[in-house]
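There are 2 protein chains.
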Amino acid sequence: MISPADDLPAGDRPAVAARSEGRHRVVIVGGGFGGLEAVTGLAGTPVSITLIDRRNHHLFQPLLYQVATASLAPSEIAWPIRYLVRGRPEVTTMLANVVGVDANARRVLLDDGRALPYDTLILATGARHAYFGHDEWETFAPGLKTLEDATTVRRRILLAFEAAESVTDPRRRAALLTFVIIGAGPTGVELAGTIAELARVTLPPDFRNIDTRTARVILIEAGPRVLAGFAENLSAYAHRSLERLGVEVELNQPVSECSSDRVVFGGRGVEARTIIWAAGVRASPAAEWLGAPADRAGRIMVLPDLTVPGRPEIFAIGDTVTIAGPDGHPVPGIAPAAKQQGRYVARVIKSRLRGDTTPHPFRYRHAGSLATIGKRLAVIDFGRFKLRGALAWWIWGFAHIYFLIGLRNRLSVVLNWLWIHTRDQRSARLITRGQQSADRSPPE
Amino acid sequence: MISPADDLPAGDRPAVAARSEGRHRVVIVGGGFGGLEAVTGLAGTPVSITLIDRRNHHLFQPLLYQVATASLAPSEIAWPIRYLVRGRPEVTTMLANVVGVDANARRVLLDDGRALPYDTLILATGARHAYFGHDEWETFAPGLKTLEDATTVRRRILLAFEAAESVTDPRRRAALLTFVIIGAGPTGVELAGTIAELARVTLPPDFRNIDTRTARVILIEAGPRVLAGFAENLSAYAHRSLERLGVEVELNQPVSECSSDRVVFGGRGVEARTIIWAAGVRASPAAEWLGAPADRAGRIMVLPDLTVPGRPEIFAIGDTVTIAGPDGHPVPGIAPAAKQQGRYVARVIKSRLRGDTTPHPFRYRHAGSLATIGKRLAVIDFGRFKLRGALAWWIWGFAHIYFLIGLRNRLSVVLNWLWIHTRDQRSARLITRGQQSADRSPPE
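Taken in order, these protein sequences are the chains called E and A. For the first sequence, the working numbering begins at 1 and goes up steadily by one. For the second sequence, the working numbering begins at 445 and goes up steadily by one.
The shape of chain E in the complex, shown without the other chains (with noise of 0.2 Å):
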């Protein structure tokens, strides 16, 4: 990452110059959906931004386990957050760590020793996946919130099968080719569902020694139903959906021990040389910085008006807070309400440099909740419309392609998918690392 401390003087954090001209200074943490929505929202207001993330990209993340499973290429679900506000003067990136808040001098602080005056501040930081107090499982079960998590995930699916092919030892053979995903979200689901997919469709004539046709996945659950999220009659479609794909579903089964080719839930051991973790998230650190009222999970617990208790001058949106939605429940940490969040932000601060009173407080408008399993497998809950099968399989799809940015990618996806379910051809079954041993000094 950018260290250009050794630039700067020692003693008090240096400010970093904000071409503000004497405008009202936003700075924006977080480049996700929320963040990005925000600075759509301010868009002809008087004020200037700095939005600021340690990624130099945006990323579309519902479908971020294709990345993982070999369906998309990283930068067809990708895009430099620059080149995404490059039409507005006002508005500059900065790639960069934040590492706290200092709210009382109102600035935002960087690993860098650097730090950034702000107005108004937004934390949209987002979550990374949460162990329950097993942090050292992550090394054996990653999770999927980056670039980097998807292709580590899909390194290791595709290592499993090579390796399966060339071991002899039946046993070893069998936790090859056994994959276990903790979890039956959204994201679980689709992740079980398409490794499915791969191992009974995809590979198959591509291997001599193996029938990858054996291979088992495993999609475990604490709780007692699959897509909890969604009606329980979808839910109960999805898990014979994933059942009729070869997927074993193994439900109210908290896991309790993971190691690097081991599973224990329910008392049972699997061994498994792949598992990978889609059951919890955890908040960023946005409310220790503040020392903000968070739940269990990390999440800041804010105002009705998205801003933090006693600090009116911050929101918090998205991934990183928890507010009650209309029907008492807690706004789901999905795209659309991160969205929505930063566009009632947006309008709060636009009304707040009118003089206006605030609008009314911020309000979740649940669109509906979408989940695919696999080919032309899909549920839909639009709460009062419910879908299952072909047809909601293809509103996902034109969902998806439809928020995606560009014309660009929107075309590679289709391409891609195009391959995928006629030709059964997975285009991004690579096996890469990224770190090279040239890599030891990078430019800054």
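Honestly, the hints are just simulated from the structure, not real lab data. No experiment lies behind these values; they were computed from the predicted model shown. Note that the Cβ used here is the ideal one computed from N, Cα and C, for glycine as well. Mixed in with the good hints, there may be bad ones.
[To be verified] Within a straight-line C-alpha distance of at most 20 Å, the following computed SDA-like cross-link-like pairs (lysine to any residue) qualify:
1. E:Lys145 - A:Thr876
2. E:Lys145 - E:Arg433
3. E:Lys145 - E:Val201
4. A:Lys589 - A:Gly777
5. A:Lys794 - A:Arg469
6. A:Lys589 - E:Arg433
7. A:Lys589 - E:Asn97
8. A:Lys589 - A:Gly742
9. E:Lys145 - A:Arg877
10. A:Lys589 - A:Leu848
11. A:Lys589 - A:Val725
12. E:Lys375 - E:Arg352
[Said to hold, decoys possible] Some chain E residues judged to face chain A by a derived CB distance under 7 Å, without partners named:
13. Glu162
14. Pro204
15. Asp206
16. Gly310
17. Arg311
18. Pro312
19. Phe382
20. Arg429
21. Leu430
22. Ile431
23. Arg433
Starting from the known structure of chain E, arrange chain A on it as the hints suggest.
Coordinates of chain A only, in the frame set by chain E:
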């Protein structure tokens, strides 16, 4: 990588059970252009083939520089080797690391302790970049041979612009905005031209604190001209075109020093944070495995039928060998040469199996040399037919599309090029690190 050695008893290297069913066993090491062409040439021959590579993918190296410069995604120029030979049941693909050959026992030795018996061996193991006795330079000046090399170079280039946007010290900013490419063969020229276009056309609207058009791109060459393999007037044209793109071309300048932020050439030092090596290659250690006669670059000096002296059952082809072409000059280390050699070796093996006499010695036919410098700038040297400019650029593009494998990749690359040249938008501007903390324990 795969190391199932702990499955195996200690002692001698156990033989891998080959699915030969009494057939003549051909082992091919290397799934590059030469190795794959040998597989293709052996179709319909009663042999069993084992194709070993330490990577799971075949790589279209001529376009690798486009991955390094954020123009193409890795999966657009790479294919799983297994997938390419899926229709050939007699071909077994192995992801494994070859560490030697026991030529007397006719076995290929793997790093996991196993040994693979062969009747005929084809070594198509390629080359890596060479630092002429300065291996320590690799850390500062990575070369470009693998997908990981390319994403490493891509990350360095993009991070340099990001860091330049952050720093305030003008001297450090200048060093960050200086890109040095060492070696002015086709790869060096293509890299220099594309980085210049990136800085001058693609990136300017995305940055606020720096003018990326001020970036320096310096192409250093020890010899007297760029593209030494081309006719002199084409070299001169390429030189002029590079300068028109803003590249500083430094000829007759051997590099004497490389460090993390400095290159010294011709007695002068330049501060640069991004240095890329495109100057020289060294053959794989295949010659060492066999104790075979080799030239200074480690290339096996094969006999006219491409066998290793004294070992008629061992062929070596591609970048790992040297052999004189019809004009007396060595056959160049390019894809068409490797393919011709792979095809020739398949023909020799077929003749031998039929009991025929060996065909004529290998005769290289030079189809021509192509290099692109930038948008609508390319040179083509077909011997008597020489071409430069826009038409050459279109021919270059069509030729590369033609030689890509599969319709999907062709469409996908065309799509990207369309966007690059009509919208100045490069799709793969991702800064990623492949190695995750979660990746400490790969499945094997």
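Is the hint on Glu162 (chain E) kept, meaning its closest Cβ partner in chain A is under 7 Å away?
Cβ of Glu162 (chain E) sits 4 Å from chain A, so the hint holds.
Under the criterion that the straight-line Cα-Cα distance not exceed 20 Å, is the pair Lys794 (chain A), Arg469 (chain A) satisfied?
OK: Lys794 (chain A) and Arg469 (chain A) at ~12 Å, within 20 Å.
Could you grab the alpha-carbon distance between Lys589 (chain A) and Arg433 (chain E) and see if it respects the 20 Å cut-off?
Holds: Lys589 (chain A) and Arg433 (chain E) sit about 14 Å apart, inside 20 Å.
So if I understand the rule, the pair passes when the alpha-carbon distance is 20 Å or less; does Lys589 (chain A) with Leu848 (chain A) pass?
holds (17 Å)
Under 7 Å, Cβ to Cβ, is where Arg429 (chain E) needs to be relative to chain A, so tell me if that hint holds or is violated.
holds (4 Å)
With a cut-off of 20 Å on the C-alpha distance, tell me whether Lys589 (chain A) and Val725 (chain A) pass.
holds (10 Å)
Can you verify the interface hint for Pro204 (chain E): is its Cβ closer than 7 Å to any Cβ in chain A?
violated (9 Å)
Given Gly310 (chain E) as an interface hint, is the shortest Cβ-Cβ distance to chain A below 7 Å?
violated (32 Å)
Ile431 (chain E) as an interface hint toward chain A, with CB separation required under 7 Å:
holds (4 Å)
Hint consistency between Lys375 (chain E) and Arg352 (chain E) [alpha-carbon to alpha-carbon, up to 20 Å]
Violated. Lys375 (chain E) to Arg352 (chain E) sits at ~49 Å, over the 20 Å cutoff.
Is the interface hint for Leu430 (chain E) satisfied, with its Cβ closer than 7 Å to some Cβ of chain A?
Holds, because the Cβ-Cβ distance from Leu430 (chain E) to chain A comes to roughly 5 Å (cut-off 7 Å).
Tell me if the straight-line CA distance from Lys589 (chain A) to Gly742 (chain A) falls inside 20 Å.
Within the cut-off at roughly 17 Å; holds.
The structure does not agree with the numbered hints 3, 7, 12, 14, 16, 17, 18 and 19 stated previously, though it agrees with the rest.
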